[in-house]
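Asker: Taken in sequence, the protein lines are chains G and F.
For reference, each letter of the first sequence is one residue, going 1 to 79 in the numbering used here.
For reference, each letter of the second sequence is one residue, going 80 to 158 in the numbering used here.
Hints listed in this document are in silico derivations from the structure and should not be mistaken for laboratory results.
Be aware that a few hints might be false.
Using 30 Å as the maximum straight-line C-alpha spacing, the simulated DSS-like pairs for lysine-lysine come out as follows [as the list claims (entries may be wrong)]:
no. : chain 1 : residue 1 : chain 2 : residue 2
1   : F       : LYS89     : F       : LYS113
2   : G       : LYS10     : F       : LYS81
3   : F       : LYS89     : G       : LYS40
4   : F       : LYS81     : G       : LYS19
5   : G       : LYS2      : F       : LYS113
6   : G       : LYS34     : F       : LYS119
7   : G       : LYS10     : F       : LYS113
8   : G       : LYS19     : F       : LYS98
9   : F       : LYS81     : G       : LYS2
10  : G       : LYS34     : G       : LYS10
11  : G       : LYS19     : F       : LYS119
12  : G       : LYS40     : G       : LYS19
13  : G       : LYS2      : G       : LYS40
14  : G       : LYS10     : F       : LYS98
15  : F       : LYS119    : G       : LYS2
16  : G       : LYS34     : F       : LYS89
17  : G       : LYS10     : F       : LYS89
18  : G       : LYS2      : F       : LYS98
19  : F       : LYS81     : F       : LYS119
20  : G       : LYS2      : F       : LYS89
21  : F       : LYS81     : G       : LYS40
22  : F       : LYS119    : G       : LYS40
23  : G       : LYS19     : F       : LYS89
To give an idea of the chain F side of the interface with chain G (calculated C-beta under 7 Å), a few residues [claimed, not checked]:
no. : residue
24  : LEU104
25  : LEU112
26  : ARG116
27  : ILE123
28  : ARG143
29  : ASN147
In this text, all values refer to a predicted model and were calculated from it rather than measured experimentally.
Even for Gly, the Cβ is constructed at its ideal location relative to N, Cα and C.
There are 2 protein chains.
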Amino acid sequence: MKARVIVTLKSGVLDPQGKAIEGALRGLAIDGLKSVRQGKIFDIEIDGEDHAAARRRLAEACERLLANTIVENYAIEIG
Amino acid sequence: MKARVIVTLKSGVLDPQGKAIEGALRGLAIDGLKSVRQGKIFDIEIDGEDHAAARRRLAEACERLLANTIVENYAIEIG
Numbered sequence: 001m002k003a004r005v006i007v008t009l010k011s012g013v014l015d016p017q018g019k020a021i022e023g024a025l026r027g028l029a030i031d032g033l034k035s036v037r038q039g040k041i042f043d044i045e046i047d048g049e050d051h052a053a054a055r056r057r058l059a060e061a062c063e064r065l066l067a068n069t070i071v072e073n074y075a076i077e078i079g
Numbered sequence: 080m081k082a083r084v085i086v087t088l089k090s091g092v093l094d095p096q097g098k099a100i101e102g103a104l105r106g107l108a109i110d111g112l113k114s115v116r117q118g119k120i121f122d123i124e125i126d127g128e129d130h131a132a133a134r135r136r137l138a139e140a141c142e143r144l145l146a147n148t149i150v151e152n153y154a155i156e157i158g
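With the sequences and hints as input, model every part of the structure.
Answerer: Right under this line is the structure:
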C-alpha cells in the first residue's frame, strides 16, 4: 500500500527558506507569486492492506521522527 | 489562489535521505514500512484567479528553479 505524508510549517512560523525561494523567483522575473512556503513529503510503501493500522503506524512515525510537532503540522494520505 | 507544487525524485534515482529515514524508523521499532522516499512541497499563494495562467507560471518556476528535471518530477495542484 502506498501512503504520502506531508509535513508543513504551522502558520505563524517563519519560513526563511520559502522567503529565499520567493526572492529567487522574483529575480527570475517569475512574478505574481504572493508567498512561498516550503514543506516536506515522504512517499512511503507499507506492508499489508489495513488502512487504519497503516494510519496509526504513520502517525507514530510522524510524532516520533518525521515532524517536529511544535512548529510543524503533518497530514497522512493513504491509497 | 493557492497552489501546491510537489517535487519528487524520479524512480530509479537513489534517495540516500529516504534510506536513512527508513533506517531511523526501523531503529524506533516502527516497522512494516517497505520504503521511504523524500520529496519537497511548495505551498504558493498566487495573484489572480486565472488557473491556466497560474499553471503556466508555476511550470516555468519548476523548470527554472524548483525542480531539477534531470532527476526530479514535479506536479502542480491548483485550487
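Asker: Determine for every hint whether it applies to the structure shown.
Answerer: Do the hints match the structure? See the list:
1. This hinted pair checks out: LYS89(F) and LYS113(F) have alpha carbons roughly 18 Å apart, not beyond 30 Å.
2. Between the alpha carbons of LYS10(G) and LYS81(F) the distance comes to roughly 16 Å, so the proposed pair stays at or under 30 Å and holds.
3. Taking the CA atoms of LYS89(F) and LYS40(G), the gap is near 16 Å; set against the 30 Å cutoff, the hint holds.
4. A C-alpha spacing of about 16 Å is found between LYS81(F) and LYS19(G), which places the hinted pair at or below 30 Å, so the restraint holds.
5. Of the supplied pair hints, the one linking LYS2(G) and LYS113(F) holds, its CA atoms being roughly 10 Å apart against a limit of 30 Å.
6. At roughly 19 Å between alpha-carbon atoms, LYS34(G) and LYS119(F) fall within 30 Å of each other, so this suggested pair holds.
7. For the given pair, LYS10(G) sits about 29 Å from LYS113(F) by alpha-carbon distance, which is consistent with the 30 Å threshold.
8. Of the pairs offered as hints, the one joining LYS19(G) and LYS98(F) holds, with about 29 Å between alpha carbons and a cut-off of 30 Å not exceeded.
9. A threshold of 30 Å between alpha carbons decides the hint, and for LYS81(F) with LYS2(G) the separation of about 26 Å falls inside it, so the pair holds.
10. This hinted pair checks out: LYS34(G) and LYS10(G) have alpha carbons roughly 18 Å apart, not beyond 30 Å.
11. Distance restraint check for LYS19(G) and LYS119(F): the Cα-Cα separation of roughly 15 Å lies within the 30 Å cut-off, and the hinted pair is therefore satisfied.
12. With a CA separation close to 16 Å, the supplied pair LYS40(G) and LYS19(G) stays within the 30 Å bound.
13. Simply put, LYS2(G) and LYS40(G) have alpha-carbon atoms about 17 Å apart, close enough for the 30 Å limit, and the pair holds.
14. As the CA atoms of LYS10(G) and LYS98(F) are separated by approximately 26 Å, the hinted pair is consistent with the 30 Å bound.
15. A threshold of 30 Å between alpha carbons decides the hint, and for LYS119(F) with LYS2(G) the separation of about 17 Å falls inside it, so the pair holds.
16. For a cut-off of 30 Å, the pair hint linking LYS34(G) to LYS89(F) stands: about 29 Å separates their Cα positions.
17. At roughly 28 Å between alpha-carbon atoms, LYS10(G) and LYS89(F) fall within 30 Å of each other, so this suggested pair holds.
18. The suggested pairing of LYS2(G) with LYS98(F) holds, with an alpha-carbon distance near 16 Å, which does not exceed 30 Å.
19. The suggested pairing of LYS81(F) with LYS119(F) holds, with an alpha-carbon distance near 17 Å, which does not exceed 30 Å.
20. Of the supplied pair hints, the one linking LYS2(G) and LYS89(F) holds, its CA atoms being roughly 16 Å apart against a limit of 30 Å.
21. Simply put, LYS81(F) and LYS40(G) have alpha-carbon atoms about 17 Å apart, close enough for the 30 Å limit, and the pair holds.
22. A threshold of 30 Å between alpha carbons decides the hint, and for LYS119(F) with LYS40(G) the separation of about 5 Å falls inside it, so the pair holds.
23. A threshold of 30 Å between alpha carbons decides the hint, and for LYS19(G) with LYS89(F) the separation of about 26 Å falls inside it, so the pair holds.
24. The beta carbon of LEU104(F) is positioned within 7 Å of a beta carbon in chain G (closest approach about 6 Å), and the interface hint is therefore held.
25. Of the supplied interface hints, the one on LEU112(F) holds, with its beta-carbon coming within about 6 Å of a beta-carbon of chain G, less than 7 Å.
26. This hint holds: ARG116(F) has a C-beta 5 Å from the nearest C-beta of chain G, less than the 7 Å allowed.
27. With a least beta-carbon distance of about 5 Å to chain G, the hint placing ILE123(F) at the interface is held under the 7 Å criterion.
28. For ARG143(F), the suggested interface contact is upheld, since its CB lies about 6 Å from the closest CB of chain G, less than 7 Å.
29. This hint is violated: ASN147(F) has a C-beta 14 Å from the nearest C-beta of chain G, more than the 7 Å allowed.
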